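Participant: So the sequence lines, in the order shown, correspond to chains D and G.
All residue numbers for the first sequence refer to the numbering used here, where the first residue is 1473 and numbers rise by one.
All residue numbers for the second sequence refer to the numbering used here, where the first residue is 1473 and numbers rise by one.
Please keep in mind that the hints were generated in silico from the structure rather than gathered at the bench.
These numbers were taken from a predicted model, which means no experiment stands behind them.
Some hints here could point you the wrong way.
No copy is singled out in the list; a pair is fine if it fits within one copy or between any two copies.
Derived DSSO-like pairs: lysine-lysine, alpha-carbon spacing no greater than 30 Å straight-line [said to hold, decoys possible]: (1) LYS1767 / LYS1500; (2) LYS1707 / LYS1483; (3) LYS1865 / LYS1521; (4) LYS1793 / LYS1665; (5) LYS1616 / LYS1483; (6) LYS1675 / LYS1825; (7) LYS1767 / LYS1528; (8) LYS1521 / LYS1767.
Each chain, letter by letter, is given below.
Number of protein chains: 2
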Amino acid sequence: MIADSMVSLVKGSSVIRAMFEEGNRLAKIYGRENVYDFSLGNPNVPAPKEVNEAIKEIVDNEESTFVHGYMSNAGYEDVREGIASSINKKYDTHFNASNIIMTVGAAGGLNSILKTLLNPEDEVLCFAPFFSEYRNYVSNFGGKLVVVPANTVDFNPNFEEFEKLINAKTKAVIINNPNNPTGVIYSEAIIKKLAEILENKQKELATSIYLISDEPYRELAYDGIEVPYLTKYYKNTIVGYSYSKSLSLPGERIGYLVLPDELDDANDIKTAAAVATRILGFVNAPSLLQRVILKTLDVDISENIAVYDKNRKTLYEALTKYGFDCVKPEGAFYLFVKSPTEDEMEFCNAAKKHNILMVPATSFGCKGYVRIAYCVSYETIVNSLSHFEELAKEFNL
Amino acid sequence: MIADSMVSLVKGSSVIRAMFEEGNRLAKIYGRENVYDFSLGNPNVPAPKEVNEAIKEIVDNEESTFVHGYMSNAGYEDVREGIASSINKKYDTHFNASNIIMTVGAAGGLNSILKTLLNPEDEVLCFAPFFSEYRNYVSNFGGKLVVVPANTVDFNPNFEEFEKLINAKTKAVIINNPNNPTGVIYSEAIIKKLAEILENKQKELATSIYLISDEPYRELAYDGIEVPYLTKYYKNTIVGYSYSKSLSLPGERIGYLVLPDELDDANDIKTAAAVATRILGFVNAPSLLQRVILKTLDVDISENIAVYDKNRKTLYEALTKYGFDCVKPEGAFYLFVKSPTEDEMEFCNAAKKHNILMVPATSFGCKGYVRIAYCVSYETIVNSLSHFEELAKEFNL
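Just chain D, with the same shape it has in the complex (with noise of 0.2 Å):
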């Protein structure tokens, strides 16, 4: 008796929660320390300690109806002020509250503007390997997701054949930046040519074209590296946010979305938007968390960056010497490694039976490929080397 649409979608389930559901499982018969599980994106490292501070500080002082109420479904005034304030020091752009929407994390900022965009049979761009839950985002508003498929040189944007799938029914764009599942991170370069085709098609078009950019590794960004805030660089860019990243509270659902003045039709749509995350039940973002925010927007996160960094790089340096074939990563926490065995599906399985979870990554529209989320324990990662060094030599690497 269940929709149509959710049949097939039941029936795959998501491969990576299967595999958090596999991880639990293990760990309750091997101990959780015994089992290698690489598959989720679920940071290990504690919110910073001004996160419970200010919870703890909000209800003491704040009034419980404010605090708990409703408000705006945009999100409360001050803080939304207070984000646009704080994204204008780092970035030097020029927001204001009514530039802020607060959202349920990323995805629920993506689904509001895809609600609000999307007409059936609207095209949306993704360049592979891409974040698997964008089809089932686009889908959900009659949408049709185009895929890009991957450079797997450098994983960097295939222009060439983005070029080609523009057309009249692209409605927008989705980057993600610094990238799940590759942790590649597009440079200035590489945004300015995106943005040049962009404006180019719009004109050849006579379109608009939206470049959402989905940011919440934003601030997991390594060796020094600059992640380029996309709105000065194409006026038609819309950025989601989520703090589920940066300050280590994936269940809390608390992101945002930027709308700038500079896109076509930006009042329309920063009250769509708004209209949007009512109707589709979000309502508005979680209010004690909204309050939070503001209180630690300018909370120093290196320490929590230093401890993937440390991963990251314990983990690559050794992957790379048993002879896997990977990215080196700059950003996020993944790492994107080359099955040794066409069929990333037996290389999973192989790597199972060691205790070691990992993504496959045609989910992300990339076959041949698996995802290493290394948001773990450095004691986790030490300990899995061993294991590792097994696979590898089952494969004869």
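Take the given structure of chain D and dock chain G to it, following the hints.
Facilitator: Relative to chain D, chain G alone:
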């Protein structure tokens, strides 16, 4: 450039919300205490003190990555088990964790279950007057909301019209008990009659018709009136619940769905509803608040209910004395008043000149009435009375 489906929504936006913003505007001019804003169902009583105590206890004592991290999309297992036990104790049911899915408020839950069930063109019935967002929730998934005309005698369901409107395309019926906007509670006899009609129609049409009971006001029942637990009367019942009103947490977006094992295709529905929660971008209900619910399941909220009850009695008695015609509300925190003039917008505009804000009921599918949300301070109620009296005189009541 926004989606066609959003154009009219942006134009209309929400009447209720517009009123809320208007209230804020008037408050800036005249002072909050001189505006009688009865527009929004935003509880005025603080959350029980146990809520903030639980928040502090949790952030002090539980692991950050657990409290703020991802869990299964359906929610923490112990929270779901706790809720199931609490329902069982109160209503003599037999649920377990697998029957509960934690949701982003009742609005999130309704969207998840409608995504789960609806094929395009499927029909969903509801009884006028109804919470106006149902129309959007159903149309989010291509369904068609079919409104059973109001029974304006006592605002119980209009069963005669209901029976006529059920057909092979009827996939679900949404009811709201206690009712927003009338404050009416459907008695056991009414529920039995509803169940009987649905059972017969299921047999006659050889389909499954799901009864979705939206129950954010369950605990707000006065004069000792009992609100029947619907899963006990009709096996294809799905309950949507929210803590927005009972614990005064509307901004926090925390609620749940009850999916009984007795549902036709129960297993598919349970899995699909969790998947729907994920792919609609909710991902999971806010994590800290889930943990809070586990600690506040049996909190005594009778003091809060007494506050609403006092408001209810004072306002109902005064308004009827002034000559207004309204149903005596048995539950929720709304008073449904017949407009003394055919066009209730005229009445609302006249009220606005007395700084009284009410919601015209055309948006609830019941022209000629207005909704007064009395979840405001007792002082506001008392101070508003002379203004209501003048308003009555203006309409020669």
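Participant: Given a CA cutoff of 30 Å, do LYS1521 and LYS1767 count as a within-copy pair, a between-copy pair, both, or neither?
Facilitator: both (12 Å within a copy, 23 Å between copies)
Participant: Go through the copies and call it for LYS1767 and LYS1500: within, between, both or neither, with a Cα cutoff of 30 Å.
Facilitator: between (38 Å within a copy, 26 Å between copies)
Participant: If the cut is 30 Å between Cα atoms, do LYS1793 and LYS1665 qualify within a copy, between copies, both or neither?
Facilitator: This pair counts as neither: shortest intra-copy Cα distance 35 Å, inter-copy 72 Å.
Participant: Within, between, both or neither: how does the pair LYS1616, LYS1483 come out at a Cα-Cα threshold of 30 Å?
Facilitator: Close inside one copy (21 Å) and across copies (27 Å); limit 30 Å.
Participant: Treating 30 Å as the Cα threshold, decide for LYS1675 and LYS1825: within, between, both or neither.
Facilitator: neither (54 Å within a copy, 51 Å between copies)
Participant: Cα distance capped at 30 Å. Does LYS1767 pair with LYS1528 within a copy, between copies, both, or neither?
Facilitator: The answer is both: 11 Å in one copy and 17 Å across copies each meet 30 Å.
Participant: At 30 Å max between alpha carbons, let me know whether LYS1707 reaches LYS1483 within a copy, between copies, both or neither.
Facilitator: Between. Shortest inter-copy distance 25 Å satisfies the 30 Å Cα cut-off; intra-copy 40 Å does not.
Participant: With identical chains, the pair LYS1865 and LYS1521 could be close in the same copy or across copies; at 30 Å between alpha carbons, which is it: within, between, both, or neither?
Facilitator: Answer is neither: 43 Å inside a copy and 60 Å across each miss the 30 Å cutoff.
Hint compliance for this structure: hints 3, 4, 6 are not met, and every other hint is.
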